[in-house]
Amino acid sequence: MALVLNEEQQLLKDSAVEFFKEYLPIDTIRQLRDHPDSEDSQNGYKKDVWQKMGEMGWPATIIPEEYGGLGFGFVGLGVVLEAGGRTLAPSPLLSSVALGASALLLAGSEEQKNQWLPQIASGEAIFTLALQEGPAHNPRLITTRAEIKGSDYVINGKKTFVSDGHIADQLVVAVRTDGDDNSRKGQSLLLVDTKQAGVSIKRSVMVDTRNMAEISFDNVTVPASALLGEQDNAFAVIEQIVDRGNIALAAEMLGSVQEAFEQTIEYLKTREQFGQPIGSFQALQHRAAQMFCEIEIGKSLVMSALNAVDAGGFDIPYMACSAKVHMCDTYRLVSNEGIQMHGGMGVTDELDIGLFIKRARVVMQMLGDENFHVQRYASLRGY
Amino acid sequence: MDYRYPPEAEAFRQQVRGWLEENLTDEVKGLDNRGDIEPDDLLILKGWNKKLAEERMVAISWPEEFGGRAAGVMDQVVLAEEMHRVGAPGPLNPIGLNNIAPSIMTYGTEEQKEQYLKPMLSGEHIWCQGFSEPEAGSDLASLRTRAVEDGDDFVINGQKVWNTLGHYADYCELLVRTDPDAPKHAGISCLLIDMKTPGIDVRPLTTMTGAKEFAEIFFEDVRVPKSALLGPLNQGWMVAMNTLSNERAGIANLHLGVRRKIAGLIDEAKSRVVDGKPLTENPVVRSRLAKAYMMGEMQKAVGDVSIAGAANGEPPGAESSIVKICWTEIEHLVAETSAAVLGADALTDRWGDNRLYTRATSIAGGTTQVNRNIVARRVLGLPKG
Chain Z
1 MALVLNEEQQ
11 LLKDSAVEFF
21 KEYLPIDTIR
31 QLRDHPDSED
41 SQNGYKKDVW
51 QKMGEMGWPA
61 TIIPEEYGGL
71 GFGFVGLGVV
81 LEAGGRTLAP
91 SPLLSSVALG
101 ASALLLAGSE
111 EQKNQWLPQI
121 ASGEAIFTLA
131 LQEGPAHNPR
141 LITTRAEIKG
151 SDYVINGKKT
161 FVSDGHIADQ
171 LVVAVRTDGD
181 DNSRKGQSLL
191 LVDTKQAGVS
201 IKRSVMVDTR
211 NMAEISFDNV
221 TVPASALLGE
231 QDNAFAVIEQ
241 IVDRGNIALA
251 AEMLGSVQEA
261 FEQTIEYLKT
271 REQFGQPIGS
281 FQALQHRAAQ
291 MFCEIEIGKS
301 LVMSALNAVD
311 AGGFDIPYMA
321 CSAKVHMCDT
331 YRLVSNEGIQ
341 MHGGMGVTDE
351 LDIGLFIKRA
361 RVVMQMLGDE
371 NFHVQRYASL
381 RGY
Chain H
1001 MDYRYPPEAE
1011 AFRQQVRGWL
1021 EENLTDEVKG
1031 LDNRGDIEPD
1041 DLLILKGWNK
1051 KLAEERMVAI
1061 SWPEEFGGRA
1071 AGVMDQVVLA
1081 EEMHRVGAPG
1091 PLNPIGLNNI
1101 APSIMTYGTE
1111 EQKEQYLKPM
1121 LSGEHIWCQG
1131 FSEPEAGSDL
1141 ASLRTRAVED
1151 GDDFVINGQK
1161 VWNTLGHYAD
1171 YCELLVRTDP
1181 DAPKHAGISC
1191 LLIDMKTPGI
1201 DVRPLTTMTG
1211 AKEFAEIFFE
1221 DVRVPKSALL
1231 GPLNQGWMVA
1241 MNTLSNERAG
1251 IANLHLGVRR
1261 KIAGLIDEAK
1271 SRVVDGKPLT
1281 ENPVVRSRLA
1291 KAYMMGEMQK
1301 AVGDVSIAGA
1311 ANGEPPGAES
1321 SIVKICWTEI
1331 EHLVAETSAA
1341 VLGADALTDR
1351 WGDNRLYTRA
1361 TSIAGGTTQV
1371 NRNIVARRVL
1381 GLPKG
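Sequence lines, in order, name chains Z and H.
For the first sequence, my numbering assigns the number 1 to the initial residue and increments by one for each residue that follows.
For the second sequence, my numbering assigns the number 1001 to the initial residue and increments by one for each residue that follows.
Please keep in mind that the hints were generated in silico from the structure rather than gathered at the bench.
Glycine included, C-beta positions come from ideal geometry on N, C-alpha and C.
Incorrect hints may appear among the rest.
If you only want the chain H side, here are some residues facing chain Z, beta carbon under 7 Å, derived [claimed, not checked]:
#1 V1086
#2 M1298
#3 N1312
Listed next, with one range per pair, are the computed distances between beta-carbon atoms [said to hold, decoys possible]:
#4 R1378/H x N6/Z: 28 to 36 Å
#5 G1343/H x L351/Z: 23 to 31 Å
#6 K269/Z x E1111/H: 43 to 51 Å
#7 E65/Z x A1070/H: 36 to 44 Å
#8 V1274/H x K149/Z: 46 to 54 Å
#9 E1336/H x K202/Z: 23 to 31 Å
The task is simple: from the sequences and hints, build the whole structure.
Okay, structure coming up:
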């Protein structure tokens, strides 16, 4: 029964919670925001802490032992991301591992896996997925073209909202090698070094102080060996990568939601008005109880989804949709109610609750919002 | 999603499947074991219940001495799934089996266990609960039905209401006030009484769907022996809480019914063409159906994780209140979505009934509001106002 954490996973979770409290407490986000010229702020994460995370083995969680990983699977990655979600810890873990390593594991050749997975596992190489092209996630729409010239691909186009794109070493770029802009057929994945000539990266700082990059490709030439998986048939793999990304994201969201909720409950117990703690008011109690229910459902869903990935079952896409939709709804509810229940203090920068609503709005949008996933779920169910 | 089940549970599944194939007749298939049961159907269901009991398939979690299999939670889930899959009605006494029997096992005397459990299992005796009163609903502890000691007897006067199966019941687990001077939770006792005792008047209540699903029960100088007492005198509140917590043990499978309704609704939507397109292509209907389907799956995830926790020896958490609160919301959503899909067809027959019936889900067995109070105070530790 894998739906309960085993001893090893529980230890991993405990050590991750302690680690993030010590090395990436929630004030890290304020530091990055308030010192925009500092190296950390420019990077959007703390390099020294990332190195430590590498030593802890966290980027290695989902990577099998034969490629230098730990083979802890998605449940292992999930508990670390959940712990990081509690302090809104900025790190490229999700981009590099849930998206980057997944792409290699799902589509990479033996050679590609041998070359890159050990470097991802140690944290030396940072990977990310360059997929989206407009303001909204739409994996069918790929206009970035890769022309085949001799044995090379020549890439032209632009990608948006590439998470951690400005610090990545390698990009997994979704390109069109055939077909119309909106067609599932004709998509391919190419590995592109960010230092390659013709790649220009514009960092944009989002409301959550984290970074998304806009990346342009101007006649970027890569060899045939850069192809990840099959040419023209990448759509299914892209969906699988995105499913894993969303499940990982849902785990992060679960951690953030729990922290925001616990801070709110603490406030309800201590803040007094009309001569009593405001948490004694039934109007607030019932809303708190409702949030608790949604969070508990979220825990079950995230656990089931992480397990589904490790079990390799047919239900991964269903679980990805459900987990993402539910965590979007729940994060919205808890971040909004968190502000409301903190009253005037809730809208100040003094308290942390405002930091959660900012991250909430970004992650709800990443890799498809709930509307996208509700529609996708209907399609998956055959209607 | 069967990959989670251990091989023993899968073996049990095959056994159940085989037995059902051989024994489930068309006459029995699809009959509803709850709600307003026609007298003819009641006979058929009693026969079916007896057959299930002989095969030890009624309350498999019970100890073997009482006719169970001492089965674990996985086997219970498997049995529920298999019965559900082929439309086999469950046993007649869901309240007796799930709620009352565990309390008899916990607090009953040897005589009470001997006398009551087997006929309950076989469906020979139907049980109801006499808890709620007109003035004691969510505030159950304020109940006023009195039982006064008189020699070797109690004499009962008062009224109960919302007694599911009350008009068919042979026995009743009754909460009465035995010490009117004690604080309200401390003066309550629990009695097991024969419904044929003189002075008991049962009147079926008609719900808005027209079903006679439950009854009200009037007690006028009803004399029962003191041996009817379940648990210690004046500690009936403890027995009642035990009974109600057992009620919530059955909820891990609530998703089965609601998911079947949603699947049925999607099939309907596919087959109904509006403006030359199936309704599933109408963006609003499509979103609502997908959302409902997902909520059904979420409910299942909560059940699955809760079962895994139970199998791992973890004590039950707040999942019963959570599942109860959320399940009723899904039932309501599905009922309203049925109108978007079926139009006027959702005002009649099965779906019409469902639209009305589901309003009761957030009231019966603890209202949503009472469950939120429980979560807020007991789980979150918020102070009392």
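Results for each hint:
no.	hint	verdict
1	V1086	23 Å, violated
2	M1298	5 Å, holds
3	N1312	5 Å, holds
4	R1378/H x N6/Z: 28 to 36 Å	29 Å, holds
5	G1343/H x L351/Z: 23 to 31 Å	49 Å, violated
6	K269/Z x E1111/H: 43 to 51 Å	49 Å, holds
7	E65/Z x A1070/H: 36 to 44 Å	42 Å, holds
8	V1274/H x K149/Z: 46 to 54 Å	51 Å, holds
9	E1336/H x K202/Z: 23 to 31 Å	47 Å, violated
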